[in-house]
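Quick mapping for you: the protein sequence lines, in order, are chains A and B. Residue numbers 701 to 1068, in the working numbering, belong to the letters of the first sequence in order. Residue numbers 701 to 1068, in the working numbering, belong to the letters of the second sequence in order.
Careful: at least some of the hints might be erroneous.
Any copy will do: because identical chains look the same in the list, a pair fits if it lies in one copy or spans two.
With a Cα cut of at most 20 Å, we get these calculated DMTMM-like pairs of lysine to aspartate or glutamate [unchecked claim]:
| # | residue 1 | residue 2 |
| --- | --- | --- |
| 1 | 1031 | 843 |
| 2 | 818 | 860 |
| 3 | 818 | 1022 |
| 4 | 704 | 1033 |
| 5 | 854 | 815 |
Calculated directly from the structure, the hints in this document are not laboratory data.
There are 2 protein chains.
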Amino acid sequence: MAVKRIGVIGSGQLGRMMALAATHLDTEFVFFDEASESPCSNLGKSIQPSSDNALKAFIESVDVVTYESENTDATLVDDINQQVPVYPSSISLLKSQHRLTEKSFFQSIGIQTADFRKVESLADLTSAVEELGLPIILKTTREGYDGKGQAMIKEASDVEAAWQTLQGTELIAEAFVHFSRELSVIAARNVKGDVEIYPLAENDHSAGILRVSRVPVKALSEQKLTQARQYITTLLNELNHVGVLTLELFDTDSGLIANEMAPRVHNSGHWSIEGAYCSQFENHIRAICDMPLGSTSARQEYAAMINIIGKHGNQESVLKQENSFYHAYGKSERLNRKIGHINIVASNEAEIERTIKQYSAFVSECGE
Amino acid sequence: MAVKRIGVIGSGQLGRMMALAATHLDTEFVFFDEASESPCSNLGKSIQPSSDNALKAFIESVDVVTYESENTDATLVDDINQQVPVYPSSISLLKSQHRLTEKSFFQSIGIQTADFRKVESLADLTSAVEELGLPIILKTTREGYDGKGQAMIKEASDVEAAWQTLQGTELIAEAFVHFSRELSVIAARNVKGDVEIYPLAENDHSAGILRVSRVPVKALSEQKLTQARQYITTLLNELNHVGVLTLELFDTDSGLIANEMAPRVHNSGHWSIEGAYCSQFENHIRAICDMPLGSTSARQEYAAMINIIGKHGNQESVLKQENSFYHAYGKSERLNRKIGHINIVASNEAEIERTIKQYSAFVSECGE
């Protein structure tokens, strides 16, 4: 079995979990990132992009390249792709990086989204408020995550303040979606075009940060499940996407509404490390290495993931519990920083909910 | 959570699987071994023991030390232990390294073994044949594994040849044990003295090399299960052992007979990576790091492990199968070399046996 040398742009917890999940397939990792000390420091070579020679060295040391973040420079991806394949391609990246492009693309391939308007001036924003109705959410079209770069406009009197806060960059105004819950669907597509879809997850956020994901989603109609699977399959194929892709969804009375996609493994899929036969991390590497995909089925009836945010809590209480798995990212404690997660598996709902409750300190105390 | 820096003497697949199993607990690995390229090359720092300074650098870079092989130099272990703790201690190591010492120790704590005699001369061997009866197995007291350093004496006329082959080093003559099958019991004991025992495995060998391990052991009497659990618990406590310990057993009409122990994680426990809630590798690291032990229970009713020996077979056939997990060790192909293994899980016996059969080429073709 020839060793496959994988380059990762970035060196955070996603790269770390890719390396931990795929080294047993005789892969070797090279991380291309500013940080010299990182969650990936001990899991492969690190090259800092200080010069053109660094990029050359990175390209020469790998067989295939992927990335951790949807904010990766698409020009860099295209440059590298001239010499070694980069998956997902810059097409997936560019569509994810720009909220207007992304939503227009969703609509063009039959994926429902919130109504939206491009906003380049205060006049545009005032028109948007008139056309979309209130409340609306004003967002930067680029970057922004975990609730940053956003302003909610509930009343006409909020318009001026929202404009003052966010003006100076291209903006999008989105109609507020009345949803009952947030879901995500994650799938992998390999070089050959095979697709495997994970069970959907239900995601609880607090202060804009994901706290808990649960699998399976309770009381999800067959129709909505089919809709989610169609959305992600269409996306993967239309993008000719290779690797893992995540689509965030709002569950509403009128079906599933797409919020945004991420051309990568996703926090709401971390449960799959112990919860699925083949984790999102291993399947991402299998996909980009032209291997057959592994099964995305859950190994037990119930799974959950709890983010460890800000500081490590009582780790011993987790280690002692048969159904729980503690994942630390090798990162120092810092307010609102994701520094690890706990996976839980169970064969009944009462057990999974009881265990989540037991770790409520990780959700409330550590996070704020 | 403070990072725990773990030193491993050796850098083979066992160290590799320890690092892959424990990095998520914020551990960092340093491997102390002659090899500069190894299965562990990408999973931590490597220090080659070329000089006293190398040993000093190794000791200074770690918080706790363990080892991969029962042939580790006990003097080195004691030297390191003056400065940082080494687990398991040299007591476990010394008892495992010498077949006479080991068997005497087993008997002294109530663990049944084959009858045996020390052999230092042809006259000793002739007496041993008279006292123990035929057949007997003549072995070197030190080293030797996978059937090396052994000679079977079936008839009186074999005595001379066996002596000629093995003389020149201290020997042990062991009465041949008529057993129906070979089993192993693996357990972990942490610094606090907590003990967790894995389900027993049944092991199939061919040409002296382990080919297949199955969990659970079929039709094992409650009495024998209790005996195995008592043996390993007594051993762990008597040795004040910290880490994982493996005991190989013969299943006979008169109960379980101890063959030998290994003060380490063991090939017959590799199934635990996906088969148990907490693998032998993670539990070994938890044990030596003074963490609570994880559950040794099986996650599904049936598990099996098939060694990949000599060359990689049809890897794709394994990757495609939901219930199968391919583990490559980052080693080049070579006759009779263990270069990987396949783990299988299933909820019924028919499925596990069907899958093992499907991979029979890995057992027969690759191995010889």
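Taking the numbered hints from earlier one at a time, note which ones the structure violates and give those numbers from smallest to largest.
As far as the earlier hints go, 1 and 3 are violated by this structure, in ascending order.
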